[in-house]
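> Residue numbers (my numbering), protein chains in the order written: chain P, 1 to 711; chain V, 1001 to 1344.
Do not take every clue at face value.
Claimed, not checked - Calculated Cβ distances over 12 Å to all of chain P for the following chain V residues:
{"#": "1", "residue": "Arg1007"}
{"#": "2", "residue": "Ile1013"}
{"#": "3", "residue": "Lys1023"}
{"#": "4", "residue": "Asp1027"}
{"#": "5", "residue": "Thr1040"}
{"#": "6", "residue": "Gln1041"}
{"#": "7", "residue": "Val1057"}
{"#": "8", "residue": "Asp1073"}
{"#": "9", "residue": "Gln1087"}
{"#": "10", "residue": "His1148"}
{"#": "11", "residue": "Arg1201"}
{"#": "12", "residue": "Phe1241"}
As the list claims (entries may be wrong) - Subject to a maximum C-alpha distance of 25 Å in a straight line, what follows is the list of computed DSS-like cross-link-like pairs (lysine-lysine):
{"#": "13", "chain 1": "P", "residue 1": "Lys311", "chain 2": "P", "residue 2": "Lys86"}
{"#": "14", "chain 1": "V", "residue 1": "Lys1246", "chain 2": "P", "residue 2": "Lys627"}
{"#": "15", "chain 1": "V", "residue 1": "Lys1198", "chain 2": "P", "residue 2": "Lys444"}
{"#": "16", "chain 1": "P", "residue 1": "Lys482", "chain 2": "V", "residue 2": "Lys1054"}
{"#": "17", "chain 1": "V", "residue 1": "Lys1297", "chain 2": "V", "residue 2": "Lys1222"}
{"#": "18", "chain 1": "V", "residue 1": "Lys1053", "chain 2": "V", "residue 2": "Lys1160"}
{"#": "19", "chain 1": "P", "residue 1": "Lys482", "chain 2": "P", "residue 2": "Lys533"}
{"#": "20", "chain 1": "P", "residue 1": "Lys533", "chain 2": "V", "residue 2": "Lys1246"}
{"#": "21", "chain 1": "V", "residue 1": "Lys1029", "chain 2": "V", "residue 2": "Lys1044"}
{"#": "22", "chain 1": "V", "residue 1": "Lys1297", "chain 2": "P", "residue 2": "Lys318"}
{"#": "23", "chain 1": "P", "residue 1": "Lys311", "chain 2": "P", "residue 2": "Lys257"}
{"#": "24", "chain 1": "P", "residue 1": "Lys41", "chain 2": "V", "residue 2": "Lys1279"}
{"#": "25", "chain 1": "P", "residue 1": "Lys703", "chain 2": "P", "residue 2": "Lys650"}
{"#": "26", "chain 1": "P", "residue 1": "Lys25", "chain 2": "V", "residue 2": "Lys1238"}
{"#": "27", "chain 1": "P", "residue 1": "Lys25", "chain 2": "V", "residue 2": "Lys1246"}
{"#": "28", "chain 1": "P", "residue 1": "Lys299", "chain 2": "P", "residue 2": "Lys186"}
{"#": "29", "chain 1": "P", "residue 1": "Lys4", "chain 2": "V", "residue 2": "Lys1276"}
{"#": "30", "chain 1": "P", "residue 1": "Lys4", "chain 2": "V", "residue 2": "Lys1279"}
{"#": "31", "chain 1": "P", "residue 1": "Lys627", "chain 2": "V", "residue 2": "Lys1053"}
{"#": "32", "chain 1": "P", "residue 1": "Lys113", "chain 2": "P", "residue 2": "Lys299"}
In short, the hints are calculated from the structure, not lab data.
Glycine is no exception: its CB is placed at the ideal position from the N, C-alpha and C atoms.
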Amino acid sequence: MNIKILDSWLKEYLETKATAQEIAKELSLTSVSIERVEPYKNDWTYDIEITTNRPDLASVNGLAREAGAVLPQNGIKATYKPLQLKFSSSDTASGGGIEKRTGFSTSLEQDNKAKLDIQVNTKFVNRICAVVMDVQIAKSPEQIKDRLESSDIRSINNLIDITNYVMRVTGQPTHVFDYDRLGSDKLIIREAKKDEEITTLDNKTYKLLGGEIVAENAKGEIVDLLAIMGLANSVVTEKTKRIVFFVNNIDSSKVRKASMELGIRTQAAQLNEKHLDPNLCETALQYGIQLYEQLAHGKIVSQIIDIYPNKLTEKQVKVNLQKINSVIGVEVPKQQSVDILKKLGFGVESDDPRHAELVSASAVIPAQAGIQKRKSWILNQVQDDKLSVQNDNLYLLVTVPTIRAYDINLQEDIIEEIARIYGYHNLPSKLPLLNTIQTQQQGKNQYYWEQKSKNALKYWGFTEVYTYSMVPENLYEGPLDKAVTIANPLNEEFVYMRKTLVPSLLQVLSENKSFESVKIFEIANVYNKRENKLPEEVRMLAGVIRQPQISFFTVKGYVEQLLKDLGITAVSFKPTDQGGNGASIYISKQYLGEIEILDPNLINFELNFELLIKHASLKKTYIPAAKFPPILEDISLIAPAEVLTEDLIKEISKQNPLISEVTFLDRYENTRTFHVVYQDRTKNLTTEEVKHIHSAILQSLHKKWGIKEKN
Amino acid sequence: MEEELIRIKNNAISLILEAKSQKELEDLKLQFLGRSGHLTQLSKNMKHVPDEKKVEVGRLFNQTKQILEDTIDQATKSLKTQHKKAQKINLDVTDPAILPPLGNLHPVTQVIEEISNIFERIGFTRERYPEIDYDWFAFEALNFPENHPARDDWETFFIKQTPDPKYGPVILTPHTSNGQIREMLSKQLPIKMLNIAKCYRRQSDVSHTPMFHQFETLVVGKDISIVDLRGTLDYFVKSYFGENRKTRIRPYHFQFTEPSFEVDISCGVCDGQGCKLCKAGWLELGGAGMVHPNVLKACNIDPEKYSGFASGFGIERVLMMREGIEIDDLRTLYANRLEFLEQF
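So that you can see chain V by itself, here it is in the shape it has in the complex (with noise of 0.2 Å):
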């Protein structure tokens, strides 16, 4: 019985998926749905089933009949929607669309997604560290010396609070590198941070905000060289910035790195040949180092069993530096200016 209804679903199915008219299709409804037509026959038999299958076989035989329904309903309407085809509508295409609604993601967090993505490729794990942190964690321990420029007033954002006794002032962190220091102190070793967050320095002007923010990469474990540094670099240059560019590194000077370099990238606008937006073929990037021993020491690491390299660019530099942003004033970037906004 129950073979039998499928043999009999497949065939009405595919006879009905075949038809060409109307006309066609209500002979096949006929056919097998009518009252002498092959489903109500096959009912009849219905009272040589087993009483324990009865009900079984009964949902079986409606089910059955209700796809049998079903697509010849369909069917009809495909064959009505064939014949509308023919007919031409008056439609203007180049009338405008009803949009659904399309908001935008602000700039920097577009830049941000893309470099977490990207260093989230070769492993890089992402953190999130205090922006408001003790002077230990954001100079001390990372080899500020006590009467560096940096640690005084005029660089950077005091908190009106008793200074720790054991850590020192409260400050807005000028620079994410106060992430490597609580990483180092709270991981197992090897370490691939990536520590992306909002900074604050004392400086407003068309290219410096009180507020930006910084990407930090640390990389710590046995045997990290100036090599693995520069592998990191030119796959985060490549990715970002584009296959054809290169990158180079260049002696620097910061405190809690040694060696220290810059980094730069050659420039997208003259291919590296030198014009008025580059320096001789070269745009800077930013920062980046092998750790400084003394840092290591700090966070309890020998530096004699272990090293590492650090880098720390601007979110808001390497989004100017996309080709085709030219943004004259940074301070644009957080007035929040819907015009600015909705071409991103």
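The following block holds chain P by itself, in its conformation from the complex (with noise of 0.2 Å):
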């Protein structure tokens, strides 16, 4: 989410003469995102990204902390001012709650007219702060209305404007409501029930999905979508006399999928889906009654409620000091890091006797971090470790403050924040080493030989298409009950995983009406199911032609030259037994793969890749040229068209082992011609002994399939 905030808001919480686009910079280099700085009327806004683990940076106050830790690093003097409030936290931090602050109590005995009984169900009731105070509707003064502008929220009364103005300063959202229009003195927050309906403050009604966490008055009436929207039912109005501000902190991924199923993304609800503190709650009511004193002539007239029954406890992080340089990559001086820490308002103890001058972490922490220390804990992981502190091997014990509860919990993460502050910038680069390289021979390298293939095709005129992986249902071949299906596909075009790649491809071609002559091709996966498995992946090569009469033999050409190009023997082409008109190939015994006469203009063929690359050889074998001249002699043969060409030269080539090649030549009508060669490596070859083999070749294909030789 992005938020804006003005500078000279900003301004108020840290002391500084750093000009905006300088503590944009620094921010976000060390902390974060901020995406623009933009001028606003004499004033700058910053326009934040709030990443989903810093929502306490989503606040005024909460970036005031966070400059104050960054700025001094870099140089830039700054001070952090925490929000003032009249009742510093630390009064109530040892637990006490809000209710029975002195400076409440006594100004509710003279004045406690109004009641206000709030049940909580504590499975997803983290803390509710509320109270009900007099007050007298106004516009609000115009640097309330500036500021709020400037953050995107509209300005419309000083009652409504103080919750937003609330939340900006904290982070905590805040909501308030019309006391006389609640229609009780009591609420219960339950969880919505499917069906209920509401309408929500915009007027839009909403019928729930259940689950949704609500408040009910005690009619039995829903009057608040908790943590997301105020309902049209209570919200304050021109004649509202009496409000009850009210503060939440609720089951946060309650939150979330409530906002979500019901597409309210207000900045309330996403902030509570963010896991916020919930000490923030009492901070927020403290500034809110504050305002409201301030900017509505507010009077308490209620108990100040108070219900935390899952209290947040503090907890401490271990870090080792020589992981700290390990991490980051350079040594960072220990004092360095505590001080880096406490700035961010975190605790630091040293497990390390001669720096017991650092154990001092309450005095730095921000007032409403409201740490404690739990004495007992820390005594036993000190004892725990008086082994490694004779080893020298340092830690730090950090207390994390309760800002930060959700997201700091591991060494790794206290490392981050030394990390970040000290500046990613300021970190050296280097590759690491190189001493431990895996070795890899190329011939087995199987993205050589993609590459080589690739490059191959591109040469002879083909256009390598990317289609996608899942497909309709028409272009799934096969039996629908056996192909890898998603369960929530985005829409009909992309349901099942493809088993073959052709009709991808077929698909590119009728898109590409205009083109009388493509040849597309692509190297992707296919998907086979298979039981309690993942479905099995392998790589195909297929390649479409479209051209006009095209020859299957050109087709067979590009195979062919491929297979040779990646040092492939023993391939052979054999009638398709798919059906329909083309060939099977097989390197050895091995199915390769189909080309497939689709029409005389449309040739396609799709060929296992992986089994390609497993034949792939870099092997090179060389034969000295040969000193004595070869005899070369066409045969012409008349044969049936059913005896295959290749059965033929597979016959003539066997008969003597000086035939050294054996070529087709032409076909015409029943009559094909060889080209035969024959070699002697050792000495000169006599016409005798050539007579003699070609009539040995005619008599074997005589016998065997009648075949004479055409004079």
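Using the hints, build the complex out of the two chains.
Here is the structure:
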């Protein structure tokens, strides 16, 4: 989420001469991304991208605290001035709760008119603070209006503006009800049932899905959708005289679920779904009361309610000093680490007796962090660590302020705090050591073969396409119940994980109708379903050629030359047994794929690319040129059509080892002509010898197929 | 005899190559190959050659004769062409060429090849892991909490299949980071991996396609630090985008890294000064971070002894960030219009 804050507002809590641009730059590098600084009247607004783990920075106060730690580290003077409350939370940090505070209770005893009883379910309510006040509705002062409107929050009246103002300063969303419109002095916080209806304060009606957290009055009417948005039936109006100022902290995952499902993405929802510190409720309540007193002639007329069933306990994290240096990659002086953590509100203790003076955590923690040390726990830890102390393997014991309770859990989280404030830009840059690199033979590198194949096709005029792995029903080949199927498809275009590539390529052709001649190819995975296992992923190479009167042999040529270029021998083409016209291709006995003639102008091929790579080889054999001349001969044979050319060549070749090469020359009606090379590498061949072999060839062909030589 | 043959051959060749006219060549032919030429004369000495050497000398003799004939032929031809050169022929060199076939590789392939080459130079080994994987590899072992939004069916595609009792549901991987887990579980340390693969997310608009590509780096070993990550990112950015581009890392949040970073590069259009296309001089490249100790633990690696970094960037994103390539709708990349593909 992004929020906007005025520079002058930030500087109410940050003493510095730094410009808005300087502050933005430093915060972006070390803390939170300030995407833009834009002029607003005579001021600047920061446009801040809040990462989900740092809701504490979605507030003027939080941002000032952070800037107070960041700027001095980079040589810019700056001091954080924490939000001043009439009653500092350190008074109550011992766990008293607000209602016991002397200042409030005295005023209440004199003037305790209104009652409010709130019943909660502790399963999903962490804390609720509330108070009833007498108020006078009015317009807000210009400064409040400006600050809200520069924050993209519409100014309405002082009663509502204060809730938003408190949210922006503290980071804690707050709400205001008209006390007299609530319809009772009792609120029950419960989960909504399915199909209950509510009308939000912007007059939109929603049917609830069940599980949303709502407040119900004594009459059983829902009067609030907690943590997300107020309702029309209890919102303040021009006639409001008494308000309930209401602050809550409830189960954040329930907030997210409800907000997403209902599609109500208010700033309150976006903050409340991010695990806020329940201690902020108290700060927000106090600050709100203060503002109602100042801006709306507010007077407290009830008990101050503070229901806090799920108290957040502080935690400590043990950080190995050595680890800090090894993760960051440079030596960070211990004192610097300690200073950084303290400025960010952490308590730090060292278990090293030589640095006992560092133990002074509470003094530097901002008031609202409310840190309580748990002595016994620390003692145990120190004892456990005695051994490591002796080994000079020193630790810091870091107390996490409650504002960071959900974000900081491990030593690595603390190291991040130190590293980022130390400044990533202050770190050197070097490549990781190369002394242990995996070896890899070129011939076994699938990526080498893949790139080589793609380049070959490219230089034969093919254009490579990338089509989606998911296909609609009409592009899926095979029985659908055996398909790898997406359970939650985005739409009907992307439902099945494809089993073949060709249908997708044909689809591409149909979308490029204006091109008469097209050659395209793709290398991608296909997916085969397997029982109780992940689907099998097989890399395939497929191509489609659309060209008027395209010859099967042209396409066979692409396949054959590609295989040759990859060093694959023992390739054979057989009449297809897949039905239709075309050829099945084999390497040795293994099935590699198909060439398929779809119509006279359209031929495709699809090969198992993994099998292809398995047989690919860089091996070359050199045979020195023959020293004796060969004898060449063309033999024309009258052969029945059903005898395959490949079989004829095989039969001729095997007649004598002196036959070094047999190639097919041409075919005319029932006559096929072959070119035969006779070669003896040890001596000159005589015509006599050749004649002998020639007749052996004819004899065997005749015997096998009744073939005769054409005269 | 053999020596004499070689001497004659060398002598003849040098004379042939120096010949300036047809007449000269004809004379040389007579001089060496003619009835009373040097070679013919020499052949009369064959009878003095011992029997056992006769075959070999005979072959050498024939070879020499052949070479001289060929050389004279070639010299004759080349004299003729020289002669031709002088004559002007009618040729418009601006007429269209007869082109050899030339297709196109998809821009995604081109980027992948370039990135692979860059990382190979600094010792990374490219790997490939399943595109369809169990939740455990894509989320659980990567330290995603159970209710994390990425794990719900609004963001990630699920496959209709009974979940594995140990590894959970089968999904289309929404990132290449499942490769981190599979790499660490199957390889010895130290690791320097580059994993490039297809990924899938339930999004389709001008800046998202439901299928896209990521490239992921993972380095795990002793004392791997943020400094190593910075070095690797700098090397990549300068190699891919250009020497004058700068890199910076900023704090960010990811489940499987701690600390986590957002990586920015200086804007190439305004050279880091700030312009309409960038954020104050910087462009976001993607995410990176130090491997989270929980992730190392899930892969049986002791986070006290070892550390690592990882980064994951979109192939499409680094493609679009190249200057001169402004594709207003990312889906164009997978629409496969030839008018588009032929420009790459």
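> For a C-alpha distance cap of 25 Å, please report whether P:Lys703 and P:Lys650 respect it.
holds, 15 Å
> According to the definition I'm using, a residue is off the interface if its beta carbon is farther than 12 Å from all beta carbons of the partner; does V:Phe1241 meet that for chain P?
holds, 16 Å
> Need the status of pair P:Lys482, P:Lys533: alpha-carbon distance at most 25 Å?
holds, 14 Å
> Verify this label for me: V:Gln1087 is non-interface relative to chain P, using a Cβ-Cβ cutoff of 12 Å.
holds, 36 Å
> Compare the distance between the alpha carbons of V:Lys1029 and V:Lys1044 with 25 Å, and conclude whether the hinted pair is satisfied.
holds, 19 Å
> Against chain P, does V:Val1057 keep a CB gap of more than 12 Å to every residue?
holds, 15 Å
> Does the no-contact call for V:Asp1073 survive, Cβ to all of chain P over 12 Å?
Since the minimum Cβ distance to chain P is about 19 Å, V:Asp1073 lies beyond 12 Å and the statement holds.
> Take the C-alpha atoms of V:Lys1297 and V:Lys1222, compute the straight-line distance between them, and say whether it is at most 25 Å.
holds, 15 Å
> Given the hinted pair P:Lys4 and V:Lys1279, is their alpha-carbon gap at most 25 Å?
holds, 16 Å
> Beyond 12 Å from every Cβ of chain P: is that where the Cβ of V:Thr1040 lies?
Holds, since 23 Å exceeds 12 Å.
> Say whether it holds or is violated: V:Asp1027 keeps its Cβ farther than 12 Å from all Cβ of chain P.
holds, 31 Å
> Compare the distance between the alpha carbons of V:Lys1246 and P:Lys627 with 25 Å, and conclude whether the hinted pair is satisfied.
violated, 64 Å
Consistency note: the structure conflicts with the earlier hints numbered 10, 11, 14, 16, 18 and 20.
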